[in-house]
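This is what each chain is made of:
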Amino acid sequence: MKKTGFDEMWGGGNTRSIRKPYLSFAKWVDEVSVDEMLVRQASAEQIFRKTGITFAVYSNDEAEERIIPFDIVPRIIAGDEWDKLSEGLIQRANAINMFLSDIYGKKEIMKAGILPEDLIYANPQYRLQMTVIKPPHDVWSHISGIDIVRTGADEFFVLEDNARTPSGVSYMLEDREAMQRLFPSLIEKHKIRPVSQYTDYLIETLRSVAPPNASADPMVVILTPGPYNSAFYEHSFLADRTGAELVEGSDLFVKDRKVFMRTTEGPQQVDVIYRRVDDDFIDPLMFNPDSMLGVPGLMDAYAQGNVTIVNAPGTGIADDKAIYSYMPEIIKFYTGKDAIIPNVETYRCREPDKLKYVNDNLDKLVVKLVDGSGGYGMLVGPTSTKAQIEDFRKALLKEPHRFIAQPTLALSTCPTLTEKGLCPRHVDLRPFILTGSNGVKIVPGGLTRVALTEGSLVVNSSQGGGTKDTWVVDENNLKVVEE
Amino acid sequence: MLSRTASSLYWIGRHIERADFTARLIDAGLKFDMLPFSESPSGIQSAFEASGATLIYPGDKAKAKRKQIINFMCFDESNQSSVISCFGKARHDARAVRTALTREVFEELNEAWLNFKKVQNAVKNDDFGTFVSWVEDVVRGFEGALHRTMLRNECLWFIRLGAAVERADNTARLLDVKYHVLLPSKEHIGGPIDQAQWTTLLRSVSAETAYRWLYREGLVAWDVAELLILKQEMPRSLAACISEINLILSRLRSSNGRTGAADRKARAIENKIKGTNINNIFQSGLHEFLVQFQIDNNSLGHSIAEQFLF
Chain A
1 MKKTGFDEMW GGGNTRSIRK PYLSFAKWVD EVSVDEMLVR QASAEQIFRK TGITFAVYSN
61 DEAEERIIPF DIVPRIIAGD EWDKLSEGLI QRANAINMFL SDIYGKKEIM KAGILPEDLI
121 YANPQYRLQM TVIKPPHDVW SHISGIDIVR TGADEFFVLE DNARTPSGVS YMLEDREAMQ
181 RLFPSLIEKH KIRPVSQYTD YLIETLRSVA PPNASADPMV VILTPGPYNS AFYEHSFLAD
241 RTGAELVEGS DLFVKDRKVF MRTTEGPQQV DVIYRRVDDD FIDPLMFNPD SMLGVPGLMD
301 AYAQGNVTIV NAPGTGIADD KAIYSYMPEI IKFYTGKDAI IPNVETYRCR EPDKLKYVND
361 NLDKLVVKLV DGSGGYGMLV GPTSTKAQIE DFRKALLKEP HRFIAQPTLA LSTCPTLTEK
421 GLCPRHVDLR PFILTGSNGV KIVPGGLTRV ALTEGSLVVN SSQGGGTKDT WVVDENNLKV
481 VEE
Chain B
1 MLSRTASSLY WIGRHIERAD FTARLIDAGL KFDMLPFSES PSGIQSAFEA SGATLIYPGD
61 KAKAKRKQII NFMCFDESNQ SSVISCFGKA RHDARAVRTA LTREVFEELN EAWLNFKKVQ
121 NAVKNDDFGT FVSWVEDVVR GFEGALHRTM LRNECLWFIR LGAAVERADN TARLLDVKYH
181 VLLPSKEHIG GPIDQAQWTT LLRSVSAETA YRWLYREGLV AWDVAELLIL KQEMPRSLAA
241 CISEINLILS RLRSSNGRTG AADRKARAIE NKIKGTNINN IFQSGLHEFL VQFQIDNNSL
301 GHSIAEQFLF
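Chains A and B, in that order, are what the protein sequence lines are.
Per this note's numbering, the very first residue in the first sequence carries number 1; after that it's consecutive.
Per this note's numbering, the very first residue in the second sequence carries number 1; after that it's consecutive.
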């Protein structure tokens, strides 16, 4: 067997054997034919289409609505592995919130010289307005998605922070439901830690951050750009499961510095807005004046403390990939401890010596826009053609401060169903972390994204990636199964 | 409830009802043309005329052939009232307000949309019947899902309100088909062709058995009109539709306290229907009565939108 990277099922290095969390699953795989698995997979996709679990892909006119490919082979994480990850995620989410509160408030981290001031003040994601607005309960990034990759048995890294409006949580929940429908007995054997409480945690979190002067039964809404948005299914799913009202910008208006929605019974006041609309679009009076998606006057009502916006405007700066490179220092500064989950080594192209290194090694590195997301504006050196690299080089040298680079990681693989049977495909993991006035909550696991093309490292759904159900299973339960 | 949501629900009700009716209406037109001695304008053209679609038909309506009419009324997405547009819009609205619907209701509409093209192909082979029964199945599935799974609250009432308003309009249009279709010159009113045409009309709305239940003495035009206009027992009669509209409006009134022009207009229409009989209607002209009803009903629709801030 040729030596390859770490595999979630088979482990890494030369001595490959089925890892403990997969023992019971491996037994099942031996008993079920590939054809049978393909049939079940097809029926899962049929259910997704029937229930409208679809995703729109930008700049692709033909396929207005697609389903995200779903792979039936679960990604299994051992309970103790998860417990450590979870601790690291909570640490990181707390640090991000303290960091945001600080850079818009006392600015101690800049005073301490931990990171260059221009990285904050000249950052397009830094919202000056937020220096004079205090988000209720001092919570900024209520819902964070932190992307984790694995390269070895004990080697987990944070690849990216998503502190704006991370998406994908509906797939985490729907994938589990699909697996429960398709493989009830397999699921039963594994005693998987449940994830369905996520939506309860979400509504609790949203209610907990209502403005202090709101009623005891605050009105919570989810603001969507509308049915044409790529993540609309998720918005309606979350509204459905939390009981929050799903609103579009035109359903809301501001009067007397308060936010109301238009109902059949007349105006009704809104206390908490979980917005799935970017900062630029939430209030045409304050940000992008051409926005049709937002609510004129919303920021004014927010400044007055009459409504909570989730996540707070200005959190996008924590997604910035140049800021990311300082995250170990940021965590240390606010928590006094080293980061439990380390960063991936990152070269900031704004620094001349790093730029030179990146420029000399473009074919070996992954280069990303500091403010890019969804796999757009990104170069994966080893899998790109010469022409693609040269094109990218031009963009890089023109505006080096807009880029960072990272070594190409040997992301772990996970067995994935293909026409030829189970084949290894690269995966990552996006857990979702909720921060309310009542603390931090997280459900075990998260969304596993898988690059379906052999060898590909790009897992984004907008780039043809798929998803898997993510199981956190406890060793004790597995031992029972082995007997 | 959000006004936008209420509006979408109301229009889901209307569009599904309209899709059902359009398919049935064409089916009736085609069946008219199977009767002997039919003359111009043909049954399908009468159906075309009664539907109101001639007003927006881009070509010369007098020259429209059967195939073109079917295509325009069922499969032309540029026609806002075609069956495909109705299903498309209902599905789009359902997606936008799916939090107000049960999974079952959403899936009915979603599946209808996903299967549409497949079913459409049957019509190419001159098999319109399969298409009509598929549309009827979809609508029954949708109504069944509403009935079995939806909470008895505003969400359901707005859908039903839209359906009732649309259905009242449709029944009036259906009866009016007889006004547009001419009898062959040697035939007389009450003759076999006339009778066969009335029977076809009844069948197109699955009301033939109902008729036999209520009227023992055989088919008479008067009685058919009475059944479809005045009989409370008949679920798609104008009387039944307007009673349902009033019932729903009163429920909405008690749940959100809003009253206005819609309530007044609905009561006025109901009083008008209760205060008349079939002789009066025929004496002052059935066609004129039906046209006035459509105007009143349309105005009611506008008032509903205003009253609930759509």
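Calculated directly from the structure, the hints in this document are not laboratory data.
Treat the hints with care, since some could be wrong.
[Said to hold, decoys possible] In silico DSSO-like pairs for lysine-lysine, Cα to Cα no more than 27 Å straight-line:
hint, chain 1, residue 1, chain 2, residue 2
1, A, K50, B, K65
2, A, K255, A, K84
3, B, K124, B, K65
4, A, K189, A, K20
5, A, K50, B, K118
6, A, K337, A, K441
The model shown is predicted, which means the values in this text are computed figures rather than measured ones.
For each hint, the structure was consulted:
1. A/K50 with B/K65: With a Cα-Cα distance of about 37 Å, the restraint between A/K50 and B/K65 is violated, given a limit of 27 Å.
2. A/K255 with A/K84: violated, 47 Å
3. B/K124 with B/K65: holds, 15 Å
4. A/K189 with A/K20: It holds: about 14 Å lies between the C-alpha atoms, which stays within 27 Å.
5. A/K50 with B/K118: holds, 15 Å
6. A/K337 with A/K441: holds, 20 Å
Taken one by one, the earlier hints fail for this structure at numbers 1 and 2, listed in ascending order.
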